[in-house]
Structure formats: structure tokens, C-alpha cells
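**Q** Numbering (our numbering), first residue to last: 6 to 1061.
Watch out, some of these pointers could steer you wrong.
With a straight-line Cα cutoff of 25 Å, these simulated BS3-like cross-link-like pairs (lysine-lysine) come out [to be verified]:
| id | residue 1 | residue 2 |
| --- | --- | --- |
| 1 | 79 | 121 |
| 2 | 139 | 85 |
| 3 | 957 | 428 |
| 4 | 793 | 778 |
| 5 | 274 | 318 |
| 6 | 899 | 957 |
| 7 | 274 | 778 |
| 8 | 697 | 853 |
| 9 | 320 | 184 |
| 10 | 793 | 734 |
| 11 | 957 | 526 |
| 12 | 184 | 47 |
| 13 | 670 | 653 |
| 14 | 139 | 79 |
| 15 | 526 | 538 |
| 16 | 347 | 47 |
| 17 | 538 | 274 |
| 18 | 121 | 139 |
| 19 | 428 | 526 |
| 20 | 318 | 184 |
| 21 | 85 | 121 |
In short, the hints are calculated from the structure, not lab data.
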Amino acid sequence: MYTEPDPHTGIISWFARNPVAANLLMVMIIAVGGIAFLTMTKEAQPRIPPRGINVTIPFPGAAPEEVEQAILIKLEAALKDVDGIESFDTYANEGSGSASIDVDTGSGYDIEEVMKDVEQAVAGMNRLPAEAEKPRVTANRWQQSVLRVQISGDLDERSMKALAEEVRDDLLQIPQVAKATVRGVRPTEISIEIPERQLRRYGLSLNQVSNAVRSSSTDLSGGSIESDSGDIRIRAIGQAYNGEEFEQIVLLTRPDGTRITIGDIAVVKDEFVDMPFYTLFNGRPSVSVEVDALGDQSQIEVSAAARQYIVEKQKSLPPGVTVNYWGDISVFIGESVNLMVKNLLIGSVLVFIVLGLFLRLQLAAWVMVGIPVSFLGAGMLMPLPGFDLTVNMMSIFGFFMVLGIVVDDAIIIGESAYTEVEKHGQHIDNVIIGVKRVVIPATFGVLTTIATFTPLIVSGGDFAAMQRVIGWVVVFCLIFSIVESKLILPAHLAHIKAKPPGNPVTRGIHRVQDMISAGLKSFVSNQYQPFLKRAIEHRYTTVTTFIALLIIVGGMFMGGIIRFVFSPEIPDTYAMARVELAEGMPEELGVSIAEQLRMTLVQAGDEIQEELGLEESLLGDNNTVLANSTIDAAVEINQPDSGDVDPKILTDRWRELMGDVAGTKSMRIRSMQRTGGGPALQFSLLGRDSAKVEAAAADLIEHLRGYTGVYEVESSHVSGTRELQLRIKPQAEALGLTQMDLASQVRQAFYGVEAQRVNRDDTEIRVMVRYPKEERISVGNLENMWFKTPAGGEVPFEQVALMVYDAAPSGIRRQNGERVVVVTAEVNTTTTAPGDVMRGVYQNFVAKLPDAHPGVNMQLSGASERQNRTLFDFGKNALIALFVIYALMAIPLKSYIQPLIVMSVIPFGLIGALLGHFILNYPVSSVTIMGLIALTGVVVNDGIILVDYVNKAVAQGRSRAEAAVEAGGARFRAILLTSTTTFMGLTPMLTETSFQAALMMPMAIALAFGILFATTMTLILIPCLYIIADDFMAMIGTKYGPAEGTTAQPSPRGGG
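Let's have the full structure, built from the sequences with the hints guiding it.
**A** Here is the structure:
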């Protein structure tokens, strides 16, 4: 039996009859939320909680294989016993060993605690080489590059570095700036270079010179004198800080009293480290200072303070020297926020227009009030401890995505009240009855929508930070939509005065509304309900048609017609290139390639400008840096006023003009960012036999190069440099020399001995003792070496060592205690789906791997492995969310079966979403899933309202078939409005072409197009499924839902 709601009891009635309380609640939410938004931190992207720890152990001068044996194997053994480590890889490079550790933060481990355990484990490592330096353990900290201060001009390198350090120090004095780092400079080194003939002349060794430096160049406390006037501290001062002071250090004192100093036998160079180096900004010599935001710093405030300093600093610089900035993140933040706010406002206007066409303008206006109340209410909660959300591109899109959804509850409430007033007249009782008629299903509908977003909040993976921000924003908005629609909106609806149109404009609007209302009623009565009646009569055919359509669209997806890319690429405002030089390449070649990289960039920009007829070049500020064996180039892309130009046009041309460059290990040129980072494809090949692993990697590279759209196929294994291996001769051992003596004396001569480190101008400077450069540039220099024996004698090289040439790896990577070679590749996602390439690799390469390369295993790694892990984690949480959704529907519907009816249409929501991607030529991606989640909430929400009405109609005496048809007609306007407002709210984003919107587009497509199809599903498929469920229950002799033939009990109401 159905009972009409009582309009005189309950919190809804109390607020409806007390508009002062409702208005005060509304004003409080708006005021507090507005203040929160104004004071909230604004940044580009959500802050990603750190989960990585790095361990670095310098081993100067050591080859990768030596580092592997002496450092990595021991480091791996130490890390295996540390709890909280999810995985780690180790690396051996020239002069250092390192480990990259992922902490299992998803299981509750705290990165700071795990880092302490790692520090203890590393400190407990024993038998490390004496030359190895103290291990450094660091945790990855969140920081965001704000901008780069670029100093350029006609200054020598030392003056340029000094000016950069001055700028850095000035910036750090600004309260808003917490971190500023000088980039693009060579470190300083004091090199004491002694020819071998001088060492032999005075009977010295490099090690003895090094010891003399350590003993003479030092400051040492000598205690204190306790005098009558007080304690006097004693301190011996002798520390040398520059080349001239080191030249004065005494090495020998002869019997006649003469002293031999370092300056007498050596050349002391106090200058930059001798290494390949080249740095230009817009074609001029340059040094940069990178400014970062740390912790909860506002990137906009940091940028503004730094830019103000730059303006003032330029005034004090000499002619020909400029200080500028580029890469300003505040520009990106401002453009992104403005873009989202603009589209948010346009979407709101469109939503209001739609509501105004179907509802009374006053009613539409009060329904729209739910948007600012819900948004500002969410703003109240965002900065609270535990959430710590900020205003960023993700949170703004969360508001954008919920724009059409947040008014659904108000639409359902307002439309029900409007319908009740239309039937019985304008009276507060009728408004309350209309509200209460749908309050339970509407509230539980919002709760189910909240439940659909919980997987975003609790799931891990590459997108966890982005997902959590969007999830919490949506949940907060929906919570306050319940508050607004149940407590604030009824008070406003109850006091709307029904006035006849007073001017031509309102009369015109009223006529349009009447026309639309009449047309809609006619359509419902004459087209929709008769069609629905026939669909119910042929319900099995109807459902089969929907299933067939789902299979067809699913087949398009599985067959690759609708492409899938897990990590979508989004355009960047910068084009970047990185070139890794092959080992042993001369410095001149590195400078030549760096210059070629810069010139081909300029050529590519000029060609594209001419081809597209652009008034201005695409190329903005650009920077090229060569340091050690790596060349990095970056250019800011200027978008023309006529519209956005795909930055891939520039990078494709740049790559084409560079071609294959001899003397390089790898070259990557890109202007697209991939969500989650890393290359599109990444495979790890492991095995005990390094040669077999390398051969398998070579075959995999050739296999990948055979796929269309696959490019930049690279391997972490690089053919080793020529290595000269030395073995001690028996006759040398007879003289007391050992293999260690041989290695150490060669190392001292060619690499050098680190005598000490001095701090000068807040910089740590190495003091090295070695042969002059001209005595360590050829094999002949080695062959002319003399070795000191333990007895003090000297032996030529030819009597000490055998020389054997071999190839050695330039770097070693290990995983799970085995050497690993990582093969990576990029994919042109406009023509090729990475998943298709992956399937081809497994079918045509991995299947044959055991026979072709026994003992070699292949694993997914990088983005591919994270994809599987993310999908598994999300799927697990989605199952839990589905159960919660089921429970939230079962409670108001009081049925175990009816929630399944509503939930059974969820898969059909994929049809519209997938077809939307196909029509707009967008690949389905992991970002699409977020749109599907929102779509699920809308479908379920509308489904609950419809099924609840059917139940009430059955309780009032209609048959189930009649009730289903009646429910479709009665809820048609509300469902149409909720779907249309959601679609119209997203329309501005669908038409957006800017690169800032590219990441959000798949979400918008899935929700907007999915909701269009969801309307059909809700209004046709659910009634059919309702009757099919009745057929099934009747077949097994069971009834569900309310019994047919009962009557409704009226409730006292006011009005006519």
C-alpha cells in the first residue's frame, strides 16, 4: 500500500516552512566556501606523494663491471631484507653504483620509515672498496619547477657562473622562494698535475703527494689555554683553498734545508673540470637558475616574486648581459584555470537555458543555485587536513565533470514539486509533497553516484593523484547537492509567487515554454508511450536488439576499429630532444651534434612557418645544453592566434632533418607528454648469460622495428667501449708487486688521487693529484709508465703488466639479482594502438623465445607493467563499489532483484561512450574510465527514480506493464532534463581545441555521448527488463516488488 507523504513533519518540511534558516545555511556555505577558494593554493597539477628512494654509492674511476661486483651485489643483498620495498632496480655506471627503490605505500608503509631502514641496511654493508665514497640515501620529494631564470651574454664562463650564483643567492633571500639551483655550469676542480719524470726525479709517488696535501692542508683544533682572563682556544690554521695556496705546500726538505713545494714540480690548475660542455640560450652563451616550489608553496606566488626580482636585476647588469625567464608554470596555470572557468561558465549558461525551456524561469534559477552552493560547499572541505586539495587542472575538471550531474538531484526534486504544483496548485504543502515523493530514491541515487566514484579515491597506479582529486571533488559536490536540494531548494520553491508574465520578454519566454511543454507532452503521449508499450510487448526482441548493438560496438573496440591507448598522449607547450652520445666520442663531436640539433630545430620552424603561412614562427625561447655525454635541447612553442598547431608537426620535421646521427647511443625528440610517463612500450629481458640476453634484445629490437607506427626503438644495452685489461706478470709478483698495486698505480696516474675536498663559496671542490693531460691520452703513455715496488725501486710497464683488449659494457642494469636489458619503443597512437603491438610481440616473439634464446625470460615493465597493475587494482575496487551500489539501491527499492535490473544496463552505457570516441576519432584510454564512472552514476540515478515510480504505480493499482509505461511518461521530463543538462554542461569542453583540454577530452566524450545513449536505455531498456524480471519470477512461482491492485492512501494537503 502506498501512502502519500505528510507535508507537516520532518526536516524537509521544517526548512521549507523556515526560509530564514535555509537562506542562512546557503549564505554560510557560499561565504565560507568563497573564502576557502580565494586562499587555496593554486598549482598546475595535483601533488604526487613520493614513493621512491634512491641510493647512490660513488666509486670514482671504476668501470661498470667493477661497480657491479664490488657494489651492486652487496647492495642488493642489503635491500632484500628491508620491509616495505615493493621493487628495486640497480645500476652500474662509470664511477658509481645506484639503486632505484619503489616503496609499497599502497600497503601503508611510510616512505620516511622505509628510508630509515634503507639507510641502516646500506650503512651495514661491509667490505666496500676503499675508494668508494659514503653512500647517499635520498627520498624523492615533491617539487614543481616554477620557472628558469636565464642569464646570457658576452661573459667568460667564470664570470657567468659567478653571476648565476649571485642571482641564486638573491632569489633565496626572497621569502616566497625556497629553492633555486644553478644549472648549466661545470664544477670547479683543483688539479695538481705532476709529470712522471718529476716524480722519478724526486723519488715521489702520486700517493705520497696526496698524503702531503692531506697533512699540510688542514685546520686543526689544539684545545684551549685556561688563563686568568679566561679560556683561549688554540687552533692550527693551514687549510689551502685555491691553486696558489696548494702550490706552497712542501713535499720534501733536503739536508741542506731547501724545500721542494708542489709548485716546484707540478702545475696546479684551479679551473673548471675538463669535460665536454656547451650551453646556449637563443643562440647565446648562457647559464640558468631553476626556481622550484616546495611543499605547499603557491607556484603563482613564487613565480610573481621571481619575475619581479628579474625586472629589478636587469637594471643593474652591464650592457650585453641579459637576465630573462622562461618555462613559467604560472602562465600554464593561469591559462588552464581561465580555460576551465570559461567553459564552466558557458556550460552553466547552457544548463540554465535547457532548464529554462522546460521549467518555470524562477524554478530553473533556483535549481541553478545548486551549482554554486555545491561547488563552494566542496571548497569548504578541500583544504581540510587529510584531504589537502588545491585548485589545479584536475580539481577544476572535477567541478566541470560534475556540473551537469550536480543539478540532477535538484532537477528531480524541482521537477517533482513542479509537477505536483501543476496538478494541485501553488501551495507549500504541494511543494513539500512533491519533494518528499522522490526524496528517498533521489537521495539514494546521489549516494550510488558517490559510490561509483570511490574507486577513483582508493585506487593506486599512475593516475592515483589525479584520480583522487577528481574523486574527492565530485564526492564533496554531491554531498552538498543533497544538502542544497533537500534543505535549501524546497524553501525557495515553496515561496515562488505564481505571477503572470509582466513584459514582452517574459511573455515570449512563457509562450516558448508552453510550446515546448505542450510538444513534450504530445511526444510522450503520442510517440514515446505507445512505442514503449510495443517495446514491452516485444520485450525480448527489444533487449536482444540492445545486446546485439552492444556486441557490434564491442567488436569494433576489440577489433581495433575503436582504438585503445592506456596512457594517452597530450600536447605540450615545449618540444624537447635528448641525445645520448656513444662512449668515448671526442668532445668536438658532441659540440658538433649539439649545434646540429639547434640548427635543424631552427630550420624545421622556418619550414613549417612558410608551409602554414604563419605570420610568426612557432619557435619561442630555446635552450641547448651539452654536459658530459648528454645533449638536451628544448624550445617553447608559440601557438598562432589563428588556432592551435599540432606540435607533433614540429617534432616530426625536426626528427626527419636530424636523421641518423653517427656517434650516438639514442636520440629522442618529442612534444607530447604521456600520462604516467615513460615510453609507450617497455620490455625487460633477463637471464644469467649476458650474451644471450643481449642477443635476445637485438632480435626484439628488429622485431619491433617491423611494426608500422613504432619508432625510437632503443635498448639499455650499448655495445661496450674498448677496454684495455691489465694482468700482472709473474716476474713483477716476484718483486713484491700485486694486481692491486698494478691497478692502483695506473688508476692514480690516469684517473688521479682525490687528496681532499675543500669548501669554497658554499661549493665543495675536489683536489685531485694526477699526471698531466698530455701524459694520459694514449696507450703509449701507459706503456711508458714506471711502477714503484714495495722496496722503493722502479720497474717499467713492460716488465709489470700484460695488455689484453676487450669490449666492456658502458653500463649495467640489474633486476631481481640478474642482469637485465630493457627495450623501449614509442608508438604513433594516431595510426597504431600499443596494445596491438603488444599482442603481436607476444604471439610472434615471446612464443618463440624459449627456443631462440634458451635461458632468457621477458617481462613487461614500465608503462606496460603499470597498466596491468593499475587495471587490476581498479577492477578490484570497482567490484567493491558495485556491491555498495547494489546495497544502496536495494534499501530504498526494498528488493533484491530490482537493483540488478538497474545495474544490468550499466554495460550498455559503453555503447554511447565508445561510439563517441569513434565519431571524434579519439582513442579510448585510461582517462575514459573516469567518464564511464560518472556515466554509471547518472544511469543508476535515473534508473532508481524510474523503478521507484513503477513500484508506487503498482502499489496504487496498476498492472506492472501499465505502471512501466506510466512511469516512463511521468519521469520522461526529469530524465530528459538530467541527461540534457549533463550533456550541455560538457559541450564547451567537447568543442575545445586547446592543448590544456586534451587530457580531459576522453572523460568528457565518455560522459557526454554515453549520457545521450543512457537516456534511451533508461526510458526503454529498464521498463522492458522490469517486465522480463517479472516474467522470470512468475515462471519460478515468485513475485517481487509491491503487490498489484493496492490503493494509495491520501495525505492532507493544501491548495486546490
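**Q** Would you mind marking each hint as holding or not holding in the structure?
**A** Hint check results:
{"no.": "1", "hint": "79 <-> 121", "verdict": "holds (18 Å)"}
{"no.": "2", "hint": "139 <-> 85", "verdict": "holds (20 Å)"}
{"no.": "3", "hint": "957 <-> 428", "verdict": "holds (18 Å)"}
{"no.": "4", "hint": "793 <-> 778", "verdict": "holds (21 Å)"}
{"no.": "5", "hint": "274 <-> 318", "verdict": "violated (33 Å)"}
{"no.": "6", "hint": "899 <-> 957", "verdict": "holds (12 Å)"}
{"no.": "7", "hint": "274 <-> 778", "verdict": "holds (12 Å)"}
{"no.": "8", "hint": "697 <-> 853", "verdict": "holds (14 Å)"}
{"no.": "9", "hint": "320 <-> 184", "verdict": "holds (24 Å)"}
{"no.": "10", "hint": "793 <-> 734", "verdict": "holds (15 Å)"}
{"no.": "11", "hint": "957 <-> 526", "verdict": "holds (21 Å)"}
{"no.": "12", "hint": "184 <-> 47", "verdict": "holds (18 Å)"}
{"no.": "13", "hint": "670 <-> 653", "verdict": "holds (23 Å)"}
{"no.": "14", "hint": "139 <-> 79", "verdict": "holds (14 Å)"}
{"no.": "15", "hint": "526 <-> 538", "verdict": "holds (16 Å)"}
{"no.": "16", "hint": "347 <-> 47", "verdict": "holds (17 Å)"}
{"no.": "17", "hint": "538 <-> 274", "verdict": "violated (95 Å)"}
{"no.": "18", "hint": "121 <-> 139", "verdict": "holds (16 Å)"}
{"no.": "19", "hint": "428 <-> 526", "verdict": "holds (14 Å)"}
{"no.": "20", "hint": "318 <-> 184", "verdict": "holds (18 Å)"}
{"no.": "21", "hint": "85 <-> 121", "verdict": "holds (15 Å)"}
Hint check: violations occur at hints 5 and 17; the rest are consistent with the structure.
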